[in-house]
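Got chain B sorted already, so can you dock chain H onto it with the hints?
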Amino acid sequence: MFGSGDDGSGGDASGLAVTVSLSAAESEYLAGARRRFVRRWLRATLAVPAALGLLIAFPWLARASIGVGVQGAPVRLHTVARPGSSYALPPVYVVNTGTQDETISMRVQRLSHGPGRTVPSSWIQFTGNGMQLSARKSARVPLELVVPAGAAPGKYLSDVVVVGSAAVSVGKTNLGVAAATKLEFSVGRASDSGLGIPPWTLWAIGGLLLAALAVLAFRVSGLQVRVARRPVSSKFIDSQGGYRGR
Amino acid sequence: MVGRVWAVLIVGILAIGGISVVKKAAQTTTIPGGSTSATVNVLPTTRSITVSPGQVTFSDCHRGQPPYHSTSTLLGQPNGECSVGTLGAHGTYPITIDNLGIPSNIEVSASNAVPADNGTRWRLCSTHGHPACTGPGGAPGANEYKARTTARGELSATALTASPACDFVFDPTGGCLAARGQLRHEGIKLIGPTRFSDSSASFTITITWIAVAP
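Here the protein sequences line up with chains B and H, keeping their order.
So the first sequence is numbered by numbering that gives the first Met the number 0: it starts at 0 and just counts up by one.
So the second sequence is numbered by numbering that gives the first Met the number 0: it starts at 0 and just counts up by one.
The following block holds chain B by itself, in its conformation from the complex (with noise of 0.2 Å):
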C-alpha cells in the first residue's frame, strides 16, 4: 500500500520529505476532502468580513432596540365636562424611539397616584390605535372623550399607556416597553348648564324684563299720549275739546 512517489514538496533538501503512494479510491477521498476543507475555509473567510461589513452598514443590526416615548405633559380638557356630552382632547405625542418599526397600542389605565376617580376605559376613544410607526418616527394621536349622561361628578385622573411592540415570535422572551402620560379633566352636574330649567326659558325671562324695563323709563320721562276716539256724527271736535255743528 505505501511506497515511493512524488509528493510535489519541490525536494528541500533540508527537509523530511515522505512519499507515500495512495490507491484511486484513497486519492479520491483525500481530493474531497481537500475540497471540503477549501470550501469551509473560503466559507469562513468570506463570512467574517461580510458580517462585518453588513454591522457597519447597518449598526441597528448589532443592537436592535424596542422604545416608545409619550409627551411629558399631561393630556387636559380645559373645560368642564358635561354628562352625555362628547369633546376632542388635544392630540397625544407619540415617538418610537427603538430601532425597528413598532406596532403603537394605546390604552388607559389607573397608574398615577393622587385624588380623582379613575376614568372609565370606555370613555376614551383612540383614533389611530394598533398604527405601525416607523423608529425614530413621531405622532400625534387624537382622542376623543365622552362622557355617558349618567357620569358621576368630579375630578377624574387617569393615564394614556402608549404601548411599543415589535413582532412576537412563538417560544421566544418578548420585551415590551411602555409609557404613560397623565390624563386629567373634571366631569360638572347634567344640571349645571340651566339651573335645572331648559336654556329658552332663559330668554324669555330676559326678553320680559327687557320690556317692563322700558315701561318703565318711558313712564320715569314724563311723555303722556292722550287718545281719543272720533265722533261718528258730522260733529268733529275743535282744538279745545268742544263740538261744532254745522
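These are computed hints drawn from the structure, not numbers from a lab.
Wrong hints could be hidden among the right ones.
On the chain B side, residues computed to face chain H include the following (Cβ under 8 Å) [claimed, not checked]:
| id | residue |
| --- | --- |
| 1 | G66 |
| 2 | Q99 |
| 3 | T180 |
If you want the footprint, here are the derived chain B segments under chain H, 3+ residues with CB under 8 Å [claimed, not checked]:
| id | segment |
| --- | --- |
| 4 | 84 to 97 |
| 5 | 151 to 163 |
Beyond 12 Å from chain B on every Cβ pair, some chain H residues (computed) [claimed, not checked]:
| id | residue |
| --- | --- |
| 6 | G33 |
| 7 | E80 |
| 8 | H89 |
| 9 | T119 |
| 10 | P163 |
The C-beta atom is built at its ideal place from N, Cα and C for all residues, glycine as well.
Relative to chain B, chain H alone:
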C-alpha cells in the same frame, strides 16, 4: 521602475486630494442672499424608554426530576428553572433598559405564558403577592410560573406581576425613579410549574417595562 512607482504614487495622492476638494466644496455651498441656517438641540420633553434586545431566549436551565430533568436550554418539571443571562455576582445581564426621556418611575409587568398551540396557559403567580403560587413552599403549582428581574449581585430583584410594579433595579433603596439617560442591565429568572398539562414545545411570555410619571 522606481520612477514609475513614484508616478503612480503622485497620481494617487493627487486623486485623493481632488476628491477631498470636491467634497469640501459640496459641503460649503453658500445660500444666495447671505442667510444661514442653524439647528439647536433641546432637552427632550417626552417620557420614553428603550429596551434592547427586543427578544430573548431562556437558557441556563436546571432542576426538575427524571424523566423531566431540565437540560441546558429546555425547562423541566417539577419547578424547573431557566434564566436570561447567567445570574450571579460575576454573571451577565443581557437586557438593557434605558430611560431616554424625562425622569420617570420605571415599572415592569409580565403576561401569562401562552403555549404555541394556544392551549392551557401558565398563570403568572408570586410567592407573596397576588395571585399566590399554589405549589409547595410558595413554588408555582400546576400550570403556574413565576419570574423576577434582577441585576448584578441579585440584590434588588423584582417579582414580576401582571400589573406594573416598581422595578427596584433602578433604585435599590425601595423606589424605581430613573433619571434622564439612566440605564440598567438586567437578567430574568423563571421558575416553571410543578407540572404542565399543555404539550406544546414552547411557551411565549411578554415582559413589559413602562415609564410612568413619578
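List of violated hint numbers, smallest to largest: The structure breaks only hint 10.
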